[in-house]
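A.B. asks: These protein sequence lines are chains A and B, in that order.
For the first sequence, the numbering used here assigns the number 1 to the initial residue and increments by one for each residue that follows.
For the second sequence, the numbering used here assigns the number 416 to the initial residue and increments by one for each residue that follows.
Bear in mind the hints are in silico, worked out from the structure with no lab data behind them.
These numbers come from a predicted model, not from an experiment.
No residue lacks a Cβ here, since even glycine has one placed at the ideal position from N, Cα and C.
Among the hints, a few may not be true.
[Stated by the list, open to error] Facing chain A, from chain B, some residues (calculated, C-beta under 8 Å):
1) ILE445
2) LYS448
3) LEU471
4) ASP472
5) LEU489
6) ARG498
7) GLY499
8) PHE504
9) PHE506
10) ASN510
11) PRO513
12) PRO524
13) MET527
14) VAL528
15) PRO532
Residue-level listing of the chains:
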Amino acid sequence: MLNVLKIALRNLARYGRRTLLTSTLITLGVVAVLLFIGIAGSFKALMIGQFTDGVLGNLEVHRKGYVASIDSLPLNLNMPPAMVQKVEQVLDKMPQIDAYSERVKFGAMFSNFTETTSIRINGVVPAKEAATIPLMPGRLIEGSKQPPLLRPGEILIPKLLAQGLKVKLGDTVVLVATNLQGSVNGKTFVVRGILDSASGPSGRDGYIDINDARSLLRMTQPEVSEIAIRLKDPAQLDQVDAQLGRDLAGVTNQQGKPVLEVHTWAELSPFSSIVKMIDLLTLFIKIMLVSIVLVSVLNVMIMAVYERIREIGTIAAIGTPPARILSLFLTEGLLLGVGGTALGTAISLAVIYALHLRKIVFNFGMQQGLVLAPSVSVRDVVVIAAMVVLMALLASLQPAWKASRMDPVRALSHV
Amino acid sequence: MQLIRAEQLVKTYRAGEVEVPAVKGVDFTIDAKSFVAFVGPSGSGKTTLLNMIGCLDHPTSGKLTVLDTDVASLDRRAAANFRGQHMGFVFQDFNLIPVLSVYENIEYPLIMVQNWPEQKRRAQITRLLEAVGMAGQANKRPDQISGGQKQRVAVARALATNAKLVLADEPTANLDHDTAYQVLGLMKKMRDELGTTFLFSTHDPKIMAEAEVLFTLEDGRLNNATVAAKAEAAHA
Numbered sequence: 001m002l003n004v005l006k007i008a009l010r011n012l013a014r015y016g017r018r019t020l021l022t023s024t025l026i027t028l029g030v031v032a033v034l035l036f037i038g039i040a041g042s043f044k045a046l047m048i049g050q051f052t053d054g055v056l057g058n059l060e061v062h063r064k065g066y067v068a069s070i071d072s073l074p075l076n077l078n079m080p081p082a083m084v085q086k087v088e089q090v091l092d093k094m095p096q097i098d099a100y101s102e103r104v105k106f107g108a109m110f111s112n113f114t115e116t117t118s119i120r121i122n123g124v125v126p127a128k129e130a131a132t133i134p135l136m137p138g139r140l141i142e143g144s145k146q147p148p149l150l151r152p153g154e155i156l157i158p159k160l161l162a163q164g165l166k167v168k169l170g171d172t173v174v175l176v177a178t179n180l181q182g183s184v185n186g187k188t189f190v191v192r193g194i195l196d197s198a199s200g201p202s203g204r205d206g207y208i209d210i211n212d213a214r215s216l217l218r219m220t221q222p223e224v225s226e227i228a229i230r231l232k233d234p235a236q237l238d239q240v241d242a243q244l245g246r247d248l249a250g251v252t253n254q255q256g257k258p259v260l261e262v263h264t265w266a267e268l269s270p271f272s273s274i275v276k277m278i279d280l281l282t283l284f285i286k287i288m289l290v291s292i293v294l295v296s297v298l299n300v301m302i303m304a305v306y307e308r309i310r311e312i313g314t315i316a317a318i319g320t321p322p323a324r325i326l327s328l329f330l331t332e333g334l335l336l337g338v339g340g341t342a343l344g345t346a347i348s349l350a351v352i353y354a355l356h357l358r359k360i361v362f363n364f365g366m367q368q369g370l371v372l373a374p375s376v377s378v379r380d381v382v383v384i385a386a387m388v389v390l391m392a393l394l395a396s397l398q399p400a401w402k403a404s405r406m407d408p409v410r411a412l413s414h415v
Numbered sequence: 416m417q418l419i420r421a422e423q424l425v426k427t428y429r430a431g432e433v434e435v436p437a438v439k440g441v442d443f444t445i446d447a448k449s450f451v452a453f454v455g456p457s458g459s460g461k462t463t464l465l466n467m468i469g470c471l472d473h474p475t476s477g478k479l480t481v482l483d484t485d486v487a488s489l490d491r492r493a494a495a496n497f498r499g500q501h502m503g504f505v506f507q508d509f510n511l512i513p514v515l516s517v518y519e520n521i522e523y524p525l526i527m528v529q530n531w532p533e534q535k536r537r538a539q540i541t542r543l544l545e546a547v548g549m550a551g552q553a554n555k556r557p558d559q560i561s562g563g564q565k566q567r568v569a570v571a572r573a574l575a576t577n578a579k580l581v582l583a584d585e586p587t588a589n590l591d592h593d594t595a596y597q598v599l600g601l602m603k604k605m606r607d608e609l610g611t612t613f614l615f616s617t618h619d620p621k622i623m624a625e626a627e628v629l630f631t632l633e634d635g636r637l638n639n640a641t642v643a644a645k646a647e648a649a650h651a
């Protein structure tokens, strides 16, 4: 095998310019794909961070049926205290969970005493919300970003509402809400902060203390509409989602059926389709790379066989087994793939490392001073490398097969 | 001892609907260690006959036995194996592999065909390089040596695997007269030293004189066989 490798290397060196051109094409393809994966991955992570760290959390727990009718913020699908306690017990036992925040969500009328409009309100435990949604203080365009996020009797309102009703910091406003029994109640709040809008659901909600929310809704017991969860490592999302689903399946109603459901941020946000689009783009780029490798290696190997027909005839005539002729040409294709991939991977990793050193800073949505941090996982590198090498091998297969099946007499008489 | 036996050997090529007979029922035997030339004009069937003996082509009919093997029955892989084990080839255009040195060209069948260990390979190649007078040129590439030297290397390559039979198709056609005689002399010397049978085709009358056995082909038929007196003397 070593001898086949040696002769294959020499054959590639014999057609140095063509070998260089093909290797360069493969190298450029690998560099393009790995850099795209790295940079797109970095943007993707930042974009997901907008939703998970700015509004939603990584996961949310609701009572079954709540998400299906979330637009109307149904109060009859809140979780009672016993149910909430069971969920908290499960969450407290899971080391992957960094923080969680109970919320009471409802629709209300918002008034500045002269004008009235509707608003969606989240009643939260300020410290827990800030721990679960760490970008929340960053959304404050007016008002103190220092903790606590809220005090009882205070409200954070969205920018558009503040502009529309000409409400300023320190103004007193009124929230009027109808509770589950149809009783209407009102409560005054002081505007503590104005929030920049965030993309996606709940991006234009107001925030008050959870006890104020319960008081406004005249709840007889401390109910919760949803529990937002922040993970220590977002990469564990699917694993935690599955585990939580299993663990919470034990919380059942009187008929013994599970009453809770877990949703990931992607299931709750329409922006997950953008993330899917990035994944789709990555797939297309990979397909393009495969095509480049396939066509370039196929071209080179077809030419290599065509130009060496007499040589193939000679080595076949002196008794070289067809399988060895096949392996010789396959090895040439393989070396092209391996060489191009190795060089491409090295260049890509060097560029990614240089981007880390250079620290490219930019702003995106509510996040300021973001640092572009492209990275490729070992898995990505291995998958791309394996794909390219496999394609190089596949592209050489037909020409190599042709060479190994060549009739020595015809090959020797080829001009 | 008979090395090759042909009985009513026929080869017909098909060009579309037309059948072109190349060899029309020839019978001959060739003894081991002989130095044989197939002579005749272009298109007489010399190369076709050599190709069939060399298992590069199958006869259309008739029987052809080489080294007690019915070579007509060998499939592609078995034929390649048979060639690799028992035969060497010398071509009109030398057909050395351009990316390999003189040494590596001779080494090629030993590693790609027979897989000899390195030490044994080195000893064999060194011996052959000296025998063909190319010991000082071992590291040169084919494009760095003359035509005569290339053919010497080709002879050494053909003999590398200790082939019992070397087939040479017009081995002197691309060489000047003196060089052609030198190459033939070398082949004869190798036959004497190693006991290898040499079969070659030629239409050069001067070269024919060097053969010990002559088979004359005309229009696919064998006209006569001339056994040179000196060959008998040599074998006596």
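A.B. asks: Decide, hint by hint, whether the structure agrees.
C.D. replies: Here is what the structure says about each hint:
1. ILE445: Cβ of ILE445/B sits 20 Å from chain A, so the hint is violated.
2. LYS448: Cβ of LYS448/B sits 21 Å from chain A, so the hint is violated.
3. LEU471: 5 Å, holds
4. ASP472: At 5 Å from the nearest chain A Cβ, ASP472/B passes the 8 Å test, so the hint holds.
5. LEU489: 12 Å, violated
6. ARG498: 4 Å, holds
7. GLY499: At 2 Å from the nearest chain A Cβ, GLY499/B passes the 8 Å test, so the hint holds.
8. PHE504: 5 Å, holds
9. PHE506: 7 Å, holds
10. ASN510: 4 Å, holds
11. PRO513: It holds, given that the least Cβ distance between PRO513/B and chain A is near 7 Å, below 8 Å.
12. PRO524: Holds: closest Cβ of chain A sits about 5 Å from PRO524/B, inside 8 Å.
13. MET527: 5 Å, holds
14. VAL528: 4 Å, holds
15. PRO532: 12 Å, violated
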